[in-house]
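Undergrad: Protein sequence lines correspond, in order, to chains A and B. Position one of the first sequence corresponds to residue 1 (the working numbering), numbered consecutively onward. Position one of the second sequence corresponds to residue 1001 (the working numbering), numbered consecutively onward.
Errors might be hidden in some of the hints.
Partial pick of chain B residues on the chain A-facing surface, computed with a CB cut under 8 Å [as the list claims (entries may be wrong)]:
#1 Gly1016
#2 Phe1039
#3 Ser1043
#4 Leu1044
#5 Gly1053
#6 Thr1057
#7 Gly1061
#8 Val1062
#9 Asp1065
#10 Ile1093
#11 Gln1102
#12 Thr1106
#13 Tyr1108
#14 Gly1110
Here are the simulated DSBU-like cross-link-like pairs (lysine-lysine), alpha carbons at most 35 Å apart as the crow flies [as the list claims (entries may be wrong)]:
#15 A:Lys42 - B:Lys1066
#16 B:Lys1020 - B:Lys1066
#17 B:Lys1066 - A:Lys110
#18 A:Lys56 - B:Lys1020
#19 B:Lys1066 - A:Lys56
#20 A:Lys56 - A:Lys98
#21 A:Lys2 - A:Lys110
#22 A:Lys98 - B:Lys1041
#23 B:Lys1020 - A:Lys67
#24 B:Lys1055 - A:Lys2
#25 A:Lys98 - B:Lys1064
#26 A:Lys56 - B:Lys1064
#27 B:Lys1014 - B:Lys1066
#28 A:Lys42 - B:Lys1020
#29 A:Lys67 - B:Lys1066
#30 A:Lys67 - B:Lys1014
#31 A:Lys98 - B:Lys1020
#32 B:Lys1041 - A:Lys110
#33 B:Lys1055 - A:Lys98
#34 A:Lys2 - B:Lys1041
#35 B:Lys1055 - A:Lys110
#36 A:Lys67 - A:Lys110
#37 B:Lys1064 - A:Lys2
#38 A:Lys42 - A:Lys110
#39 A:Lys56 - B:Lys1041
#40 B:Lys1055 - B:Lys1014
Everything labelled a hint here was simulated from the structure, so no lab data went into it. Given the structure is predicted, the values throughout are model-derived calculations rather than measurements. We put the beta carbon where it would ideally sit given N, CA and C, even for glycine.
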Amino acid sequence: QKEVEQNSGPLSVPEGAIASLNCTYSDRGSQSFFWYRQYSGKSPELIMFIYSNGDKEDGRFTAQLNKASQYVSLLIRDSQPSDSATYLCAVIGPGGFKTIFGAGTRLFVKA
Amino acid sequence: GAVVSQHPSRVICKSGTSVKIECRSLDFQATTMFWYRQFPKQSLMLMATSNEGSKATYEQGVEKDKFLINHASLTLSTLTVTSAHPEDSSFYICSASTRAGQIGNTIYFGEGSWLTVV
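Take the sequences, apply the hints, and build the full model.
TA: Here it is as structure tokens:
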């Protein structure tokens, strides 16, 4: 089992729809959770971070964390073609040093 | 968010030469930085963890004598690709940790460096 798992996609949604990206992690002691967006040929850009169970909203983005289920998700409301990218889930494990990245989910938003 | 700057963004070098890539944290001190390599359409691959004032920790399969990492200050880490060969051509990305080992630690990435070895 991989430490951080994501569906590789591609996930295709129409413009204006909600895109839902999911991630599971194996280390129950993990403490910090991140979503990065990576456009082709560019480096990852931090979108959201979440430390506590529940939802965290920032503009069109909502991160959801469920530590009991070891699950973190990212919702993108009113998806735009410019949201088309690879989304990376990252988890910092116990101790706060080691960061594990998922392989990423490719999202396509169709105009 | 915090800013991490990487330079150069693109570099072309001849086979057999060495090339240095710099990674700077501009508005915070980073005791820990990370170096990644990414081939087209593939995932990030962690090469090494760079710790200020000590030796880097390399991932399995990464040649430490070929990929020299120096983290001489709290804001600068360098990666030197020695005796570069065409197969070393890739996208190299650094990241920096804002509060390594603490709650609230966040990782920010540099812009990346495209290396082409001809």
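Undergrad: Each hint should be assessed against the structure and marked as holding or not.
TA: Cross-check of the supplied hints:
A distance limit of 8 Å between C-beta atoms decides the matter here; for glycine 1016 of chain B the minimum to chain A is near 27 Å, and the interface restraint is violated. The restraint placing phenylalanine 1039 of chain B at the interface with chain A is violated, with a minimum CB-CB distance near 12 Å, outside the 8 Å limit. Among the interface hints, the one on serine 1043 of chain B holds; its C-beta lies about 5 Å from the nearest C-beta in chain A, closer than the 8 Å criterion. For the restraint placing leucine 1044 of chain B at the interface with chain A, the shortest Cβ-Cβ distance is roughly 6 Å, inside the 8 Å limit, so the hint holds.
With 8 Å as the threshold, the beta carbon of glycine 1053 of chain B stays out of range of chain A, its nearest partner Cβ sitting at about 16 Å, so the hint is violated. The beta carbon of threonine 1057 of chain B comes no nearer than 10 Å to any beta carbon in chain A, farther than 8 Å, and the hint placing it at the interface is violated. Given hint, glycine 1061 of chain B at the interface with chain A, is violated; its Cβ is 17 Å from that chain's nearest Cβ, farther than 8 Å. The closest approach between the C-beta of valine 1062 of chain B and any C-beta of chain A is roughly 16 Å, which is over the 8 Å cut-off, so the hint fails.
At a threshold of 8 Å, the smallest CB-CB gap from aspartate 1065 of chain B to chain A is about 24 Å, leaving the interface hint violated. Contact between isoleucine 1093 of chain B and chain A, as hinted, is supported at the beta carbon level, the nearest pair being about 5 Å apart and thus within 8 Å. Because the smallest distance between the Cβ of glutamine 1102 of chain B and any Cβ of chain A comes to about 5 Å, under 8 Å, the interface hint for this residue holds. Residue-level restraint check for threonine 1106 of chain B holds (minimum Cβ-Cβ distance to chain A is 6 Å; threshold 8 Å).
With its C-beta approaching chain A no nearer than about 6 Å, tyrosine 1108 of chain B sits inside the 8 Å limit, and its interface hint holds. Because the closest C-beta pair between glycine 1110 of chain B and chain A is about 6 Å apart, less than 8 Å, the hint holds. This hinted pair checks out: lysine 42 of chain A and lysine 1066 of chain B have alpha carbons roughly 25 Å apart, not beyond 35 Å. Using a Cα cut-off of 35 Å, the hinted pair lysine 1020 of chain B and lysine 1066 of chain B holds, with the two alpha carbons roughly 12 Å apart.
Distance hint between lysine 1066 of chain B and lysine 110 of chain A is unfulfilled; the C-alpha atoms sit about 43 Å from each other, more than 35 Å. Note on lysine 56 of chain A and lysine 1020 of chain B: the hinted pairing is violated, with a Cα-Cα distance of about 40 Å set against a maximum of 35 Å. Among the hinted pairs, lysine 1066 of chain B with lysine 56 of chain A is inconsistent with the structure: their alpha-carbon atoms are about 43 Å apart, more than 35 Å. About 23 Å separates the Cα atoms of lysine 56 of chain A and lysine 98 of chain A, which keeps this hinted pair within 35 Å; it holds.
A hinted pair counts as satisfied when its Cα atoms are at most 35 Å apart, and lysine 2 of chain A with lysine 110 of chain A qualifies at roughly 31 Å. The hinted pair formed by lysine 98 of chain A and lysine 1041 of chain B meets the criterion: a straight-line CA distance of about 24 Å does not exceed 35 Å. Annotation: proposed proximity of lysine 1020 of chain B to lysine 67 of chain A is violated, straight-line Cα distance about 41 Å (limit 35 Å). A distance of roughly 28 Å separates the Cα atoms of lysine 1055 of chain B and lysine 2 of chain A; the hinted pair therefore holds under the 35 Å criterion.
Our distance criterion of 35 Å between C-alpha atoms is met by lysine 98 of chain A and lysine 1064 of chain B, whose separation comes to about 20 Å. A hinted pair counts as satisfied when its Cα atoms are at most 35 Å apart, and lysine 56 of chain A with lysine 1064 of chain B does not qualify at roughly 40 Å. For the given pair, lysine 1014 of chain B sits about 15 Å from lysine 1066 of chain B by alpha-carbon distance, which is consistent with the 35 Å threshold. Between lysine 42 of chain A and lysine 1020 of chain B the CA atoms are separated by roughly 19 Å; this keeps the pair inside 35 Å, and the hint holds.
The straight-line distance between the Cα atoms of lysine 67 of chain A and lysine 1066 of chain B is roughly 40 Å, outside the 35 Å bound, and the hint therefore fails. Annotation: proposed proximity of lysine 67 of chain A to lysine 1014 of chain B is violated, straight-line Cα distance about 49 Å (limit 35 Å). Annotation: proposed proximity of lysine 98 of chain A to lysine 1020 of chain B holds, straight-line Cα distance about 25 Å (limit 35 Å). Taking the CA atoms of lysine 1041 of chain B and lysine 110 of chain A, the gap is about 20 Å. The hint holds against a cut of 35 Å.
Taking the CA atoms of lysine 1055 of chain B and lysine 98 of chain A, the gap is near 17 Å; set against the 35 Å cutoff, the hint holds. Distance check on the hinted pair: lysine 2 of chain A and lysine 1041 of chain B sit about 19 Å apart at the alpha-carbon level, within 35 Å; holds. Between lysine 1055 of chain B and lysine 110 of chain A the CA atoms are separated by roughly 47 Å; this puts the pair beyond 35 Å, and the hint is violated. Straight-line distance between C-alpha atoms of lysine 67 of chain A and lysine 110 of chain A comes to about 33 Å, which keeps the hinted pair within the 35 Å bound.
Pair hint lysine 1064 of chain B plus lysine 2 of chain A holds up; C-alpha atoms about 26 Å apart against a cutoff of 35 Å. Taken as a hint, the lysine 42 of chain A and lysine 110 of chain A pair is honoured in the structure, with Cα atoms around 21 Å apart against an allowance of 35 Å. Restraint check for lysine 56 of chain A and lysine 1041 of chain B: the C-alpha separation of about 30 Å stays at or below 35 Å, so the hint holds. Of the pairs offered as hints, the one joining lysine 1055 of chain B and lysine 1014 of chain B holds, with about 28 Å between alpha carbons and a cut-off of 35 Å not exceeded.
Checked against the numbered hints above, the structure breaks hints 1, 2, 5, 6, 7, 8, 9, 17, 18, 19, 23, 26, 29, 30 and 35 and satisfies the rest.
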